[in-house]
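Dock chains W and X against chain Z, hints included.
Chains as they are written, first to last, in the working numbering: chain Z, 950 to 1307; chain W, 3 to 290; chain X, 0 to 265.
Worth double-checking, as some hints may not be accurate.
[As the list claims (entries may be wrong)] Here are the simulated lysine-lysine pairs, BS3-like style, with alpha carbons at most 27 Å apart: (1) Z/Lys1064 / Z/Lys1110; (2) W/Lys108 / X/Lys263; (3) W/Lys4 / X/Lys98.
Everything labelled a hint here was simulated from the structure, so no lab data went into it.
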Amino acid sequence: MQDQEDACRLTGLGRTYGKGVSAHRALDSIDLTIRANEFFTLLGPSGCGKTTLLRLIGGFDQPTAGEIAIFGRNVAGLPPEDRPVNTVFQNYALFPHLTVAENVGFALRMLGRPKAEIAATVARMVALVGLEGMEHRRPDQLSGGQKQRVALARALAPGPKILLLDEPLSALDAKLRQRMRSELKALQRETGITFVFVTHDQDEALAMSDRIAVMQGGRVQQLGKPEEIYEAPANRFVADFIGGANLIPARIGARGAEAEGLGVVPASGDLGAEVTLAIRPERLAILPAGQQQPGDLGPLRVAERIYMGNELSFRLEGALVPLHVTLPRGGLRGAQDFTPGDAVCLRAEPGAIRVLSS
Amino acid sequence: MKLHRLLLAPSLGTILIFMVLPIAITTLYSVLTPAQYGGVIWKPSAEAYIRLLFERDIFDDTLTFNTDYLQILGRSVLQAGVATLLCLIIGLPTAWFIATRPPGQKSLWLMLVTVPYWVNLLVRTIALLLILRDEGPINRALQSVGLIDGPLSLAYNNFAIGLGLVSSFLPFMILPLYAAIERFDFSLLEAAYDLHANRRKAFFAVVLPILRPGLIAGGLLVFIPGIGSYLAPDILGGGKTLMLGNLIGMQFQGSRNWPFGAALSTILMAVTLIALFIVARRAAREDA
Amino acid sequence: MALFDARAKDIRNLPGFGLTATLAVAFLYAPIVFLVLYSFNAGRSISRLDGLSWRWYQAVFANEEIAGAALNSVLLAVIAASVATVMATAAALAMVRMKVRRRAAAYAVLNFPLMVPEIVTAIASLIFFSSVGLGLGFGSLVIAHTTFCIPFAYLPITARLTSMDPALESAAADLYARPWTQFRLITLPLLAPGLMSGWLLAFIVSLDDFIISSMLSGPGSTTLPVHIYSMLRLGITPEVNAVSSLMVLASALVVITSGLIARKHS
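Bound conformation, chain Z alone:
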């Protein structure tokens, strides 16, 4: 089945800037396979190497180590104009002196396609992104959202095998960003083209992607489906970067993981090993200290009550690190409210505590 074909395979890919002591390793031997027809996201903070990786695939930069194969073909040394991939640039990079139609038809013109074919494709692409009637406008006569659509149509027009998107939503306001998320996802499903999407926004990544590669320090920290990344973070960085988590230092004892001041939680591992307990704030319940049972975390003291409209959260002190617990607004019904100074304990949902090696 074609679905199982690899769109892009990266082997030992590295990119180092500078030489000697001042050398900076932007990418450190990346091995990664992007499947055909999937919506693949490179997620990470700025400077993690995600944009460098995208530029290497696009051909705007050359690797210092390793190989890139696009649909089985090694593209080493090929310039961007010889690669079957197209890019949606961060600030769109629309040609300011060309109209919408000329921008969208640019690649086909470069490829020397007949005029009639160009016109037909441009019309189809303009319709696909819902910009009918705007064909003769210039980029400076368009809104941010419209520019975004032109950039998409322009990159899709030559029918790339892979579409690279470099933080394409970052220049839009929050509301428009929400809408473009759904549109991008729908567009990907409709066209069946492999999307490689770069972002630092975890919500975007979780909402749109088939698979996500979380990057940090020029390496892939975790690769998986959004659920896996969120529910089962592979390490401290992923747990912290995606959605935020309580990260509690602990040590493996005879009865489980012992966290200072919090008691013991069930966990297995090498006796005496230093570990980190990762617990999502929304997977904890908060109870009066009097109701503490074995396995609960506590006793703790409420330091701050933070009301945020759709949820209510508490900052708790008494352990080595401050802990956070978040209750959905409805969750408070029936449960007891607390004020700073109250003595409390925390009860984790079954399976909510992940033990990460430190």
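This is chains W and X only, laid out in the frame that chain Z set:
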């Protein structure tokens, strides 16, 4: 990389061969012996530099200290300095005023200030002479209202030269100052007031330091061409009061003492480069 | 209790600044206005108007020496500005793509002509051309003018180029344009206003020059400013006013053209 070199070669080559090399040759000429009808004889001589300070007796070759040329040098620096100061006094309020106009008026004012720069300098200098002359409109107007009996001598003196320098180079002062003020963030002033500065203190503590690069740029753009200026002293000074530029020019026209002209030119170039170097180093230090 | 006085705080409108600006502009324009006015004088005087006429313009147009000098000036400015613009464009294209440290030396050389006092350039060129045997005349004028025009052409071109989004060329490459096509279809059209302003600036700077031309021009290669200067020996006549006014007109046309270009592309 090779392409870059290829692209840079024509312009850099042209400047190096036809500007840098000639200036180097000029410096060499300053230590050669003058030929009788211009040009040089290839024999080393420090005569050109000696002549700057001493007069050599035609008969017995004795040297007597002579300040004539030094005076011209000093006058050039002084005239250029005064002109720079005047340009600053006129230019700063003007640039400030323009930069604080609403956008439409701003571009109009800016155009008004820029247009004279595009008009030929010789033509502008002649025009200035026209209105400064004894029979010019200023003297005639003053005489006709009975303020003065005879004409004021406005032309052919140091005053006229100074005025000429100011009118030649005023746009050079206004434009960089305008650019600096334009970039100035006026909310900084509100912050200064909020922190208990009054208008005067705010101006000296906040505005002036931020405008300093613009002030220095404008000052250099007036001072450097001012020292070597040729047309203003020549036309407005009536050839009576020389400045360095004219003295250099003369060595290649009537007097035909090329090494002496070359020496004067070398000194002018050195003064210019030293001024630029000091400013550049100070700017670099402030950046660091 | 003292009330807040907004005017005392408003540093935008300082007393006397508007007046200074007005006087400064008047000071820059008054001489030119008088020059142009007296060029229309019916009489010989340059200090008394005896009615208006075109006679001095007719005299200027009938004067073959002026016509020859004007032609020399325009020809010289067109050639120098064109060659300087091509060289400056090539240099600017290389400079924006170079590493900062390597750029510094090239930058110093490119801007060098701006730092040299005109009189120094003039006599250095005179010494150079006579010592290498190229002699004086139109050829030497072209070389000297081209040289000092380069930085003037370079400034607007490089300003336009650095304000251009480098992603545009990447985008063109991504959309299958070869390097030369990228330059022809994207870089060059976007650079055009900068090229025009650069050329115009170089043109006007060449036209403006007196001292370098006066040192280098031989018989037959006199430029218009040099010729006007020689006319001054006979005193200022309305004919001088007329030919000077024509130069003012030429400058005004150039300013208007470049202003229109700037407005269209801002």
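Practice prompt. Check each numbered hint from earlier against the structure, then list the numbers of those it violates in ascending order.
Written response: none
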